[in-house]
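J.: Listed here are the chains, written in short residue letters.
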Amino acid sequence: MSVIIPYIDKPNPVTGVTNAKLGIWLFLASEVMLFGALFSTLIILRSSATDWPAHGSDVLNVPLATLNTVFLITSSVTIVLSWASLKMKNLMKFKLYMGLTVLLSFGFLIIKYFEYSSKFHHEHYPSTSTFYAVYFTMTGLHGLHVIGGIITNLYLMGPGSKMWKTEPERFTGRIECAGLYWHFVDLVWIFLFPALYLL
Amino acid sequence: MSQDTHNHSHGHDHSHSMSHELPFWRKYIFSTDHKVIGLQYGITAVFFLLFGFGLMLLMRWQLAFPKQAIPLIGKLFTEDGVLSPELYNQFGAMHGTIMVFLGVVPLGVGAFGNYLVPLQVGAQDMAFPKLNMMSYWVYFIGGVIMLASFFSPNGAAASGWTSYPPLSVVADNGQSFWLIGMVFLITSSLLGSVNTIVTAIQLRVKGLSFMRWPVLVWAQVVTAFLLLLAFPPLEAAGVLQLMDRLAGTSFFLPSGLVVSGEALKVSGGGNPILWQHLFWFLAHPEVYVLILPAVGIVGEIIAVNTKKPLYGYKTLIYSIIFLGFMSFIVWAHHMFMTGMGVTMSTFFQATTMIISVPSIIILTTYLLTLWGASIRYTVPMLFAVAFLPMFAIGGLTGLPLGLTASDIHLHDTYYVIGHFHYVVAPGSLFALMAGVYHWYPKITGRFMSDTLGKIHFWLSVVAINGVFMPMFFMGMAGVSRRLYDQTIYAHGAAAQPLNVIMSCCAWALAVAQLPFLYNMATSWKWGKKVESNNPWGGTTLEWATASPPPHENFTTPVEVFRGPYEYSSNKKPLPQFVQEA
Numbered sequence: 240m241s242v243i244i245p246y247i248d249k250p251n252p253v254t255g256v257t258n259a260k261l262g263i264w265l266f267l268a269s270e271v272m273l274f275g276a277l278f279s280t281l282i283i284l285r286s287s288a289t290d291w292p293a294h295g296s297d298v299l300n301v302p303l304a305t306l307n308t309v310f311l312i313t314s315s316v317t318i319v320l321s322w323a324s325l326k327m328k329n330l331m332k333f334k335l336y337m338g339l340t341v342l343l344s345f346g347f348l349i350i351k352y353f354e355y356s357s358k359f360h361h362e363h364y365p366s367t368s369t370f371y372a373v374y375f376t377m378t379g380l381h382g383l384h385v386i387g388g389i390i391t392n393l394y395l396m397g398p399g400s401k402m403w404k405t406e407p408e409r410f411t412g413r414i415e416c417a418g419l420y421w422h423f424v425d426l427v428w429i430f431l432f433p434a435l436y437l438l
Numbered sequence: 104m105s106q107d108t109h110n111h112s113h114g115h116d117h118s119h120s121m122s123h124e125l126p127f128w129r130k131y132i133f134s135t136d137h138k139v140i141g142l143q144y145g146i147t148a149v150f151f152l153l154f155g156f157g158l159m160l161l162m163r164w165q166l167a168f169p170k171q172a173i174p175l176i177g178k179l180f181t182e183d184g185v186l187s188p189e190l191y192n193q194f195g196a197m198h199g200t201i202m203v204f205l206g207v208v209p210l211g212v213g214a215f216g217n218y219l220v221p222l223q224v225g226a227q228d229m230a231f232p233k234l235n236m237m238s239y240w241v242y243f244i245g246g247v248i249m250l251a252s253f254f255s256p257n258g259a260a261a262s263g264w265t266s267y268p269p270l271s272v273v274a275d276n277g278q279s280f281w282l283i284g285m286v287f288l289i290t291s292s293l294l295g296s297v298n299t300i301v302t303a304i305q306l307r308v309k310g311l312s313f314m315r316w317p318v319l320v321w322a323q324v325v326t327a328f329l330l331l332l333a334f335p336p337l338e339a340a341g342v343l344q345l346m347d348r349l350a351g352t353s354f355f356l357p358s359g360l361v362v363s364g365e366a367l368k369v370s371g372g373g374n375p376i377l378w379q380h381l382f383w384f385l386a387h388p389e390v391y392v393l394i395l396p397a398v399g400i401v402g403e404i405i406a407v408n409t410k411k412p413l414y415g416y417k418t419l420i421y422s423i424i425f426l427g428f429m430s431f432i433v434w435a436h437h438m439f440m441t442g443m444g445v446t447m448s449t450f451f452q453a454t455t456m457i458i459s460v461p462s463i464i465i466l467t468t469y470l471l472t473l474w475g476a477s478i479r480y481t482v483p484m485l486f487a488v489a490f491l492p493m494f495a496i497g498g499l500t501g502l503p504l505g506l507t508a509s510d511i512h513l514h515d516t517y518y519v520i521g522h523f524h525y526v527v528a529p530g531s532l533f534a535l536m537a538g539v540y541h542w543y544p545k546i547t548g549r550f551m552s553d554t555l556g557k558i559h560f561w562l563s564v565v566a567i568n569g570v571f572m573p574m575f576f577m578g579m580a581g582v583s584r585r586l587y588d589q590t591i592y593a594h595g596a597a598a599q600p601l602n603v604i605m606s607c608c609a610w611a612l613a614v615a616q617l618p619f620l621y622n623m624a625t626s627w628k629w630g631k632k633v634e635s636n637n638p639w640g641g642t643t644l645e646w647a648t649a650s651p652p653p654h655e656n657f658t659t660p661v662e663v664f665r666g667p668y669e670y671s672s673n674k675k676p677l678p679q680f681v682q683e684a
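In the order they appear, the protein sequences are chains E and B. Using the working numbering, the letters of the first sequence map in sequence onto residues 240 to 438. Using the working numbering, the letters of the second sequence map in sequence onto residues 104 to 684.
Among the clues, some could well be false.
[Stated by the list, open to error] Here are a few chain E residues that face chain B, going by a calculated C-beta distance under 7 Å: (1) Leu265; (2) Phe266; (3) His363; (4) Ser366.
No wet-lab data here; the hints were simulated from the structure. Think of the CB as a built atom: it goes at the ideal place given N, C-alpha and C, for glycine as much as any other residue.
The following block holds chain B by itself, in its conformation from the complex (with noise of 0.2 Å):
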């Protein structure tokens, strides 16, 4: 096509067809074409989203009915059907990993990443199309160790998804995978986030300065210098833990420390809390991580759904940038009753009331970009909208969270995963799902069914309300996170009614999945057939090609010819890649 017309100055041959004549593993299972690429991360990390999903289902049975066999199944997984304690310890760590680390940063950095990045700077692939496939497969690597922990001898890691020691070093083997299959799991997010600055910088095509990136691209490259800069701490923590563990050293084990009733054989002199800054130091960030792919996506559906132009783009993106520069200062919040002192505290309380400042900045612009507008209310529209509110209501509830006052009495309970639940659960996890219908007719040249989008959306979002907002008040009444079995304290016990409405509300929204899971699966062979390149009606260059993209993304040379979202001068869209008016 136009390609071989096309003049590059490069002496060598790469330029044998990579299309049409590859083998099928090659091209769909080994591939390094971008779009396949993430396609794999997306399918990999949904799989995950459910199974973790899953692990809950299965503690909230324990929570709502304590030491009731879970019926029909309960027997595969212990001799009486009830949920064990040490079951239930497992569960709950290895449902917060699996979650953060195998869930919705590959969905919304590996999948969306992957697939949007270039074809909104107007790349044909990764700046590094090798270096991208080697970082989804040491992702696999990292999820297959994952899961194969639940079968080692004493089961899979039951620390806690912040594995402190030191309780995670002296943990059974589980333990173990666990930090290995971190190991795995930075590596593959390192290679992932330098591949996406290169390529969002270098690959951009002309007339794509960084002030006319798309928002979803912004994110993207704010998100990768969060990754590439926070996981390092943990990576040298994991390893240093895994000493511990294997080596028999003592970063995190003090002096003189007592297990069941003998004293530890171990040199001592480390420092259990040096593993919770090393931790939270990446672990913080990892929550901007969660949060920004979300703020990306919703950018792009609210823009395309009100045709407006996002308002303060400008003030958008200094936003977002200012958001990823602190949430590397922020990290000992999470630590305000380690007893760290006075004067640390304050800091941390006060970098921690700055940083709500640009969290508020986005939700405002988006709000105003909303206001006096026409609203299309397509499905993917419906979760964006809704995102607003439910990352609102996590975001406000952090606060009392970063006060040291408030937290004393609010650290380690349920309000805590009320509040982060709010921010990743029908914050992050609604934006990501609103990408997958909003995305979906270019992935495929067909539309996800509307109907169902509606079904599986109503119900969702009444669903996972009726979850997490009972957490806040279980929380100020005072019971503890990671409970087993609250109802042997009084306090517990008194608000044990709330765990069965939430117990019924999880289940509730299971099913309300089905719909969306059918819905994918089905539409990709039998959906109403995408008629243009453009349905939404975008400005952004992934409308610019075919749907589905070809191999090379852009079978004509593409150009930028102004800002991103440029919608209202004459009632028509402008998109960034016409040149006339």
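So here's chain E without its partners, still in its complex pose (with noise of 0.2 Å):
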């Protein structure tokens, strides 16, 4: 007298996914159209710009930048090497690799934290110029990604673990969407950095 889902842990042998698994797909898909309209609106606003009102590689701290962008893409390899250790049973390992992915997305909130205070401290707001108004929303928006990702990989690391003792597989599952979440997070960083800091 239950209800019961089927293939929350198991793939369902039609179409060869868990509905988690095709559910983070259709939700970064729609996040992609998120990103990509703040990136349309970036290139429709330089493109039609008749003087653009700054080059990020002369306003923007470009090596600061750099070490965010070498934080998130190890917090990216970490991430699958904590899914790669619940594959190989070994929670220890799991929560090691997670602590490491949570601790280099912190970095990169800090370092984030010092460029922001750095541009309100030379008076650079939003509605400096309209190249302010884009870093300010697409790193902040990217920002409260990467916060989410935080939050949501600090439950799995400590609370949410539990599930491992009775659904191993569909912890494993979850991990594996959060890799997904937390690789989209990265990308986003990749296309970002060229795009408001090396143009």
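With the hints as a guide, dock the two chains, each given alone in a separate frame, to form the complex.
T.: Encoded structure:
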């Protein structure tokens, strides 16, 4: 007399995926459209501007952003390692790699904080010019996605990991989905970095 | 029951009984049951539809009798009882927003999609029940924010449902409420659409291949894809407009903008047309979000009441898919007048002509299904049949708007209002009402009254044409939309008698809904009881279970043996779920 939802731990033999995996891919498709619209905004504003107010390579801190890029790419590797550890039935190693992922994401945010505060210190606000408007809006929205990822990953590392004892396959699936999301956040940054800092 | 013997290999324990030990608030308020959530969506959406309709009824007084005090209730809104221009603008903007985003879409997608998709694919619930609950409550919060904006210091948003900048950026703070409300509504539809697609694809029972999906499931899945991919750009645009309003950025503000004789103190360098692109990139697919659930409902009802297979089922499905795809590349036909250039206009004019082809195919398959059938005119069938010519009028009057040459004359006139209201009001809404009458016995276990239903239908169909048909003539006479008082212009004053007719018909339409509301409310308790699982003789899976369906939908496992509409083989309907012929 209770509701049974199939394919939450094992893939559907016809489609080859679990419900959650199909769900996260659909969610990411919609996220692509969200950031796609923002990148289009940048392209349209910049290409139609008679005089683009500022160039990222002149006014933004490229070395710090490069370090941030390294942080995020490394964290993408560690989250895959955490998933692989679960595949090898090693919960401790999973927690270690997930912890590293969270640590690197915090590192990213801390650097971002210094970048932002130095901009505010020099009185560069979103209202200063369309360049800063795009810069703050896009990196801000990306930052929110990083924070969302940190909360999810901390939950999966802490209280969420209890599921490992009862439903290991479902838990591994969750980590895989978290990893897919995290790769997406990483990928957005890989587009943001050249578009805002280098060009 | 038999579910207990149904051996499942999950090592986890979520099998404690959900159905009868839950407290009231878990069972009916914060429920994860797709049927309860579907009803929550439905009831909330009907409330918003009535609210949005009510705003228009007040506006129609001002339109018919400009600057005269609204009788009886006018003093509630302004001191002298006359609807002020400010209030008129707010009501106009909120009428559009509420009807589209809080009324028709939640009713078509949230209510019918939630209730019927799991049943029709043979699932026990949606794939993500908690997400489903969350999507309803996020929608609810969005609705509350929209309503609350009426009580903010300068009232609700007043820049039209399209919120074009720069007007919307310099508008009063009702606009910020609108934007925040929209972000909630978009989030809700995102959660809902992921859920619908995963449920329909993953939770199909054995034997239910894609080409055996009922047309309603196809329509809901294509709709969900539109919501999933078209809404995020508006979310992005909403964030950008919020930044413009709250953080002082200039995404949509050009340089050197002067407002009320003073140069605006912003950096400038933005592009107001950018908003229109981002907005219509959502809002054109949105039109198909409004119409496709209706197309699905009408298909089901026509098949059941003609006792015939839907003519050209595969063609119908491919048309729906093609329609969904094309709807992403027609958006700028709303923007011919922005001066975006001949090349762009020609492209979007061509795609707009192409998208009319699948719409016509859909209508044609339904008409050919009616051909030669002995039609059973139940109340839902009356509404479904009325949907066809109404939607056709709405669709065909769109063609002159899609052609750049004729659009120059018709753009932003009452003709446009007439066109899209024919699609959405006697189109989508008639189909949704048909759906209410048709599935009411399944949902409650009781029929709605036939007599009241017929009164509702005939009054509505006459009144609604009286409201929208004159708009075409008024638009062709050159009267612009959104005018507070058109009699100040000579051509407007000449067309003013039409406004009186339209307003009287609108009020008659409101009266015509009373038997419907009374019928819905009272039949729940006193309607004629449904004797079998399948009172209409349907062939799809929702008719395989009890009315109302139990908590887990199907008490015995179901399986699908054939396509959705196999009626004619030996004069006896062959439901999908029955093995023997």
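J.: Are the hints correct? Go through all of them and say.
T.: Going through the hints against the structure:
1. Hint status for Leu265 of chain E relative to chain B: holds, with the closest Cβ pair at about 5 Å, below 7 Å.
2. Satisfaction of the interface hint for Phe266 of chain E is found here, the shortest Cβ-Cβ separation to chain B being roughly 6 Å, below the 7 Å cut-off.
3. Restraint check, His363 of chain E versus chain B: the minimum CB separation of about 11 Å is more than 7 Å; hint violated.
4. With 7 Å as the threshold, the beta carbon of Ser366 of chain E comes within range of chain B, its nearest partner Cβ sitting at about 3 Å, so the hint holds.
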